[in-house]
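Line by line, the protein sequences are chains A and B. Each step along the first sequence adds one to the number in numbering that gives the first Met the number 0, with nothing skipped, and position 389 is 388. Each step along the second sequence adds one to the number in numbering that gives the first Met the number 0, with nothing skipped, and position 171 is 170.
These are computed hints drawn from the structure, not numbers from a lab. Each residue gets a CB set at the ideal place from its N, CA and C atoms; glycine is no exception. Mixed in with the good hints, there may be bad ones.
[Stated by the list, open to error] A few chain B residues that don't get close to chain A, going by computed Cβ distances all over 12 Å: (1) Lys13; (2) Pro83; (3) Gly99; (4) Gln116; (5) Leu155; (6) Tyr191; (7) Val205; (8) Ala214; (9) Leu225; (10) Ala255; (11) Pro291; (12) Ser320.
[Unchecked claim] Straight-line distance between alpha carbons at most 20 Å, and here's what the computed PhoX-like set of lysine-lysine pairs gives: (13) A:Lys450 with B:Lys313; (14) A:Lys54 with A:Lys184; (15) A:Lys379 with A:Lys238; (16) B:Lys313 with A:Lys137; (17) A:Lys379 with A:Lys291; (18) A:Lys379 with A:Lys226.
Residue-level listing of the chains:
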Amino acid sequence: MGPITLLGAIDPGLVTFLSPELASRIQFGWTISVHIIFASLSIGLAPFIIYFTWKDVRTNEQRYARLRSFWVKVFAAGFVMGTVTGIPMSFQFGTNFPQFAEVAGELIGGPLAFEAKMAFFLEAVFLGVLLYGRDRVKDRTYVLSSVLVGFGAWLSGFWILIVNAWMQTPRGYEMVTRNGMEVAKLTDPFAAFLTPRMPWMYVHMMNASVISVALLVAGVSAYIVWKKPDTEAWNTALKLAVVLLIISAPFQAVHGDAYGRHVEDTQPQKFAAMEAHYETGQADLHLLAFPKSPEGLTDPRAENLVTVSLPAVGSFLASGGDFDAEVIGLNEYEENPPVALVFWSFRFMVGLGFLFIGLALWGGYLMYRGRLSDSTRYLKAMIAASPFGYAALLTGWYVTEIGRQPWVIQGELKTSEAVSSTLTGAEATLTLVAFVVLYVGLILTALYILKWLVREELRSLGLRESSGDRWHGPIPWVSSDD
Amino acid sequence: MTDPLLPVDAYLVKSLPEIWFGAVLFSLGMYVVLDGFDFGIGMLYATRTDERERETFLAAFGPVWDANEVWIVAFGTMLLAAFPRVYSRLLADNYLLALGFVLALVFRGLGPELREQRDDERWKRYTDYAFIGGSVFAPLLLGMLAGRWLFGGATLPVALTGVGLVAVSIVTGAAFLAARTEPGLASELRPYGIGATLAYLGGVVVLLGTVVLTASGGAADAVLSLPVAAVVALSIAVGLGGSVLARRGRYRAWLASALALPTLLTTLVAILLYPTIYPLTGLLVREAVVSPLALNLVTVLGFPVLLLVLWYFKFLYGVFSGPIEGGGYGG
């Protein structure tokens, strides 16, 4: 606290802290944003790891051993980052939002404990075997370890999303008084665990992770293939990633469209925020919506939007068959989420989704023509697109989480009521700063690790990067500057 | 709602809340034992300058530390699942300590991960600082957190609990390395282990003495009870016995007795807490526990998995048994 007191002594005006609520929200949002990148890296890499390990053990081909060893290292680095960012997150339920932990403990504690015991242990234990145990266990055990690690990652997502889906569409509980406080008591585990949102969220999130990692693998492979076109291993990886993208990217669009209608059904306020729909009434289904004027960027409203829409189809879908049905607008609510953030996040996510479909189709066409590795333009496009999966994934989360505000448990508990009453603005702000600094460091570190791994790989392929051969592309981590 | 598969109004067995109190502390105990020797290795690492020895140390905990660390998450989530009020109050009341602890864990985890990424002396030095610093501060802050849980705001007992956890981590770390490395290194580590044992035992006695002298009624009575006296006596016997074994070069036996120390420490925590679960608030185990259906559910789904997890650990430690050398396990 020293420097702060000093600043305060010079000018009290210099020491203004965020409110505990705002600082806690930003802190949690920031922590989860970083965590989710690493968590979804594990989820998306799992199928690749299992496939490479299986092929390596079965065929004994050099290319699979190479790919396995490379991507297991990435997986391990991601897992460590996922762990170190995940533990603070789970603590924040108690440190920053204790009222939430207390009110919802009975509902969310179980799934979180199952996540740790069923999934996290599985992943951590068998990752140890996968990383260090190649010569210590039988081939079959080794392949099984990769399957268990992958299964652990997917199961982890399952339990976490049970919690999150419950927060979006809470069911299976009643409010009771315990120790002088209103808390949620579990009454029906099936209803509470398998909420209406759960299947939607799980499919959307797992597929988003697959897309993100397919783009990452494609980007790294494209870079190496671009440097050294005759590498068998990385041509295989590139092909595999593009095939996965061809399956997952269009599927996400179809699924996302149906998911949107489910949101409209269950969280009309969030849906209205996604479309900046203020006035209750007949609704069109917007395929595209952008503000007409610059002011609309920060305050988009339906009447000031340029839209490409199917007239009255919004009403038709919302009501299940009535073109004149009313769709609830934001004016119906006393408090609304930050509409601009939700509106733009949604557009950003959807826009990137279409970009991925385009890249998938382009790749499919090239593959059909047998020219996937020859098209420098495609290789460069994939290198450039490699971080975009994560951008889409994050903005998708912002739609989900910011769109739910002011509620932490939809319709039951507001975020403002969930924040610690003993937390001071100073504590919350200082730890926020600490988390921001530390996690920026973590992200840079993760990128550097990836860069070192790529450089190492190029060396072992017999390619020494000379300064004249540097990549001057849009992504800093693939450029070699030391 | 259809007929419930699990009892809704009654606990599966009458003492289920107490069983969960035990299970939560068991998870904490597993963490203190398993990640404890990782922390110990991290602290002893500071005493080594030879690159090969340092690599041996890193190889010793490389394949297992990730799995060991999950026990803290298991502890936290089980506490949340069974005693949400304790979880939320404990963390909210000790905001900076709790976040300090997890930040220390971040540094401890990252150090070794980053170290191998780059062949550069300065880089290695900085990542080593992160590793060593994290290994010191994580048990220190966790111990202080446990001290606040047990004794509330009293400064000396809280600080002593933190230092105690640091000392016991050094004991287990030294014993673990001694049992798994070549005799030469083991005999160099032995004095650290024995010194830390004596410091730990002395610390426990001073700590409990302080509580008896300064705390009012309840806490002092709890400390002066027979079970506490038994655990303390046993700790002293085990600690001194282990030191003698260490001096005779019987390192596997030393390791067994060293691992008993944090186990006894966790038992001590359980005894001092019960029947309250958060003395500062006067909250009893029975008052803080969740409703029967929720607890029955986590029991039925969770306990078989807990057994499975213990089996994984047996498998993991089985795979990576045998002497450790600088090159790791040949992975």
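The hints, checked one at a time:
{"no.": "1", "hint": "Lys13", "result": "20 Å, holds"}
{"no.": "2", "hint": "Pro83", "result": "2 Å, violated"}
{"no.": "3", "hint": "Gly99", "result": "9 Å, violated"}
{"no.": "4", "hint": "Gln116", "result": "5 Å, violated"}
{"no.": "5", "hint": "Leu155", "result": "22 Å, holds"}
{"no.": "6", "hint": "Tyr191", "result": "26 Å, holds"}
{"no.": "7", "hint": "Val205", "result": "30 Å, holds"}
{"no.": "8", "hint": "Ala214", "result": "23 Å, holds"}
{"no.": "9", "hint": "Leu225", "result": "31 Å, holds"}
{"no.": "10", "hint": "Ala255", "result": "22 Å, holds"}
{"no.": "11", "hint": "Pro291", "result": "9 Å, violated"}
{"no.": "12", "hint": "Ser320", "result": "10 Å, violated"}
{"no.": "13", "hint": "A:Lys450 with B:Lys313", "result": "36 Å, violated"}
{"no.": "14", "hint": "A:Lys54 with A:Lys184", "result": "49 Å, violated"}
{"no.": "15", "hint": "A:Lys379 with A:Lys238", "result": "15 Å, holds"}
{"no.": "16", "hint": "B:Lys313 with A:Lys137", "result": "17 Å, holds"}
{"no.": "17", "hint": "A:Lys379 with A:Lys291", "result": "34 Å, violated"}
{"no.": "18", "hint": "A:Lys379 with A:Lys226", "result": "11 Å, holds"}
Checked against the numbered hints above, the structure breaks hints 2, 3, 4, 11, 12, 13, 14, 17 and satisfies the rest.
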